[in-house]
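Spelled out from the first residue to the last, the chains are:
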Amino acid sequence: MRILGISAHHKDAAAALLVDGQPVAAAREEHFTGELHDPALPLHAARFCLEHAGISASQLDHVVFYEKPLRKFERILLHQLKAYPRTSRSFVRSAFAWLGDRLWIKNRLVKELGVEFDAVLFVQHQLALAANAFFTSPFSEAALLTVDDAGEWATSLSGRASKNQFEVLDEVQFPHSLGFVVSAITQFLGFVPGRDEYVVETLAAYGTPRYAEVFRELLPAHENGFTVDQAAFRYAFDAEQLYADSLASHLGAPRFSGDPLHIDGTDTRHADIACSLQLLLGERILTMIRVLHERAPLAKLCLAGELANNRRLVTQIVETGPFTQVFVPNAPGKSGGALGAALYAHHVLSPDEFGEHTSHDAALGESVDERAEPSAQLLSGDPGDEILRRLLDGQHIAWVRGRVEFGATSLGNRMVLALPSRAGPPNRLQTCLQRTEPFLPRRLAMPEECAKTRLESIPGRDLGPLLARAQIRMTPGDPSLRQASDSPDGTICPQVVTAASDPEFHALLQQVGTATDLPVLQVEDFALRGSPVVRTEAAAVDALQRSRLDCLIVENRLYERPTIEP
Amino acid sequence: MVPMSLRRCTKTRLGVAFDNSASRGRLWRQLAATEAASAQGLQSLARRQRDVDLRELLGALASDADRHAAALGAQADTMGTAGIDPTPEPFDFTGGRHDETRDRHGFPISEGSENLGAVACLATLQVAVLDARELYQLCGRLAAGVDSEAGVLCRSIVEDLDRHLSNIDRALELHRGEHGDAVRDALRTARRSPFMAAWKRTGMRSGAGLSRGMLYVFYWTLLLPFGLVSRRSRARPGCRVESGDAAKNLRSQY
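Going line by line, the protein sequences match chains X and S.
Residues in the first sequence are numbered consecutively from 4, following the working numbering.
Residues in the second sequence are numbered consecutively from 862, following the working numbering.
Wrong hints could be hidden among the right ones.
DSSO-like mimics (lysine-lysine), calculated; alpha carbons at most 27 Å apart, straight line [claimed, not checked]:
# : chain 1 : residue 1 : chain 2 : residue 2
1 : X       : K109      : S       : K1061
2 : S       : K1061     : X       : K114
3 : S       : K1061     : X       : K166
4 : X       : K14       : X       : K114
Source of the hints: derived by calculation from the structure; they are not laboratory data.
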């Protein structure tokens, strides 16, 4: 059975193709259009998936959309009416988008892809996210939790899954949405909602939770987890300004883009707001998890939704329990919904099929071009040796190989690398990629063996598959790693590499360890500021020219920035 | 080849620009900015081409655009820098008709032209180079009386563009042998598309404006009673768990 999953209309539109239950291709639309978090119907991504599998759209059995459009429109319309007459502008905006385009998604899919009308199916949004987490996990039975902004009505789902059987235990209904609260505070702090939530998470490390009581009032506890005080937020009916002016009476004046950011010295108000929000997110979600565990007393938990991108939160969930094994997919948010929708439909339509999920490889996107660019220099030896030599010289290197990974971050196929001890200040690598904020989180790649000794372990918890999605404390008394990270709270974002999952990268890290006594590299996604991760070799060469990186290595081809000719 | 209205509009703009040395300096800087941006775009487009001849042609165009940018920048420097914005808005060669597929020079943009075939690409280049040639000829004529160095520069740019034009024509001729209809259609599309695009854009904008206006009227009339009733209902968190046949639910949009 061939099923194409589609997610669109919010952010990170994506398409994913499933053949006989196995993901064979998946891509985000942003990779093709160059627009970061592109929400448009992912026709480029869908065509790529079909081309990669060598099939035409007419050979698809089903196309599955990741939400129920009528139900979502109902929710939006009702909340516009509830806020009458304050919604005249937002009503016109949303009604125009919905009546003109989004409501007719089935017709558009039929017309644009050329599939049969009856072949188009729809999965509830939270179910699609949960299915993405469960069916790509190594578990055959697990509790499920999604914490998102909103889909149709549900903003969060608790449930359990056993092989093909999904049981929804509880839902939190819109307008009570933790995802939207985070976006509103992101906007309140002068960042772009829907894009810069990770910045607010990072700021939390610089502050103290002095606004915790304010957030406890804004997010009152509820038997199921939480509610949201709607007097302080506008997201229920306004997609442009997510917080109400009254929020300023609780948290002080909002910050606007370009205003100074108060995160150190005597004034740490912005960091304190971020820290208090992070604390309350933890409190409320842990309550939900406790209630979920009472109703589904299992050892394993699959976590999805936009808030599953929050590394500190994930680490807190693992640390606190009661679930001993937690799985978060590489694309826990909207883009993962495309894969989840396809997986859910497959398991519903083929109820007797529940194979062992051996394919956890996130590399489902486009591979580098087979033909080299004219300016390429062929490397005669192992590319790893060349990379090591250049890293030891203090160079900043882009490394591109294989297929693009499907998800929020690259796990090794589209990376830039630097040796922390020789490549200048820690934020130099980010500066090379045109990112100038000094407080951005830094990722350190290390082999599994190193992570075991240099990162604090959590007793009784298996962090294995989670290590790329958590924020882990460094072992006290390890100055070398601390110097490489310069994190204010002693945590790092590790990229743990195992010999089984990525032997090439693992071997490089071992070589770095032999040469410098610290097998750790600073890594970042190979993406310039405001652009998605590079896709093809040509795009990589383009990005190299615009960056301040020293060179680019694509498979066994070397490009040096100053000498590139058209 | 430049349509009359555009030519008249451009001539007026350029006439104003040649009034004094400061505005001439600004114009050279604007032209330099457009050329520099186009050079980068053409390089990027060249890298994406599988056709070796087209890649070379684009590379040569990019290289010349880069050179022209430097020369125009130097010309601007001779006018002095007082009162001149060092990073001005690039000059628009297309008369406001650039979009997601073509830049301000009229050259195809690599991101918007992934599926553009070689013939369509050549046709777009031909129209862009003809437009640019016309513009630099005009600049040369206007500069001749007031700034002889600038006049010489413009004439040399026109010569470069003539060379590219003949290369593009030759490449199109080669394609015309095998795909005569495709070349004719592509050229027609490239020449007409700015007008059609502008016409469509105007239509879409006026349609969208009208729709928004109607929605606004609906909001204050039809929705008023529903809005007043809905304000009383209250949302609460809790369970809204669906039951029933999962396979049947998949077909429902609700």
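Hints and how they fare:
1. X:K109 with S:K1061: Holds. K109 (chain X) to K1061 (chain S) sits at ~25 Å (cutoff 27 Å).
2. S:K1061 with X:K114: With a Cα-Cα distance of about 21 Å, the restraint between K1061 (chain S) and K114 (chain X) holds, given a limit of 27 Å.
3. S:K1061 with X:K166: 52 Å, violated
4. X:K14 with X:K114: 22 Å, holds
This entry does not satisfy hint 3, going by the numbered hints stated previously; all others are met.
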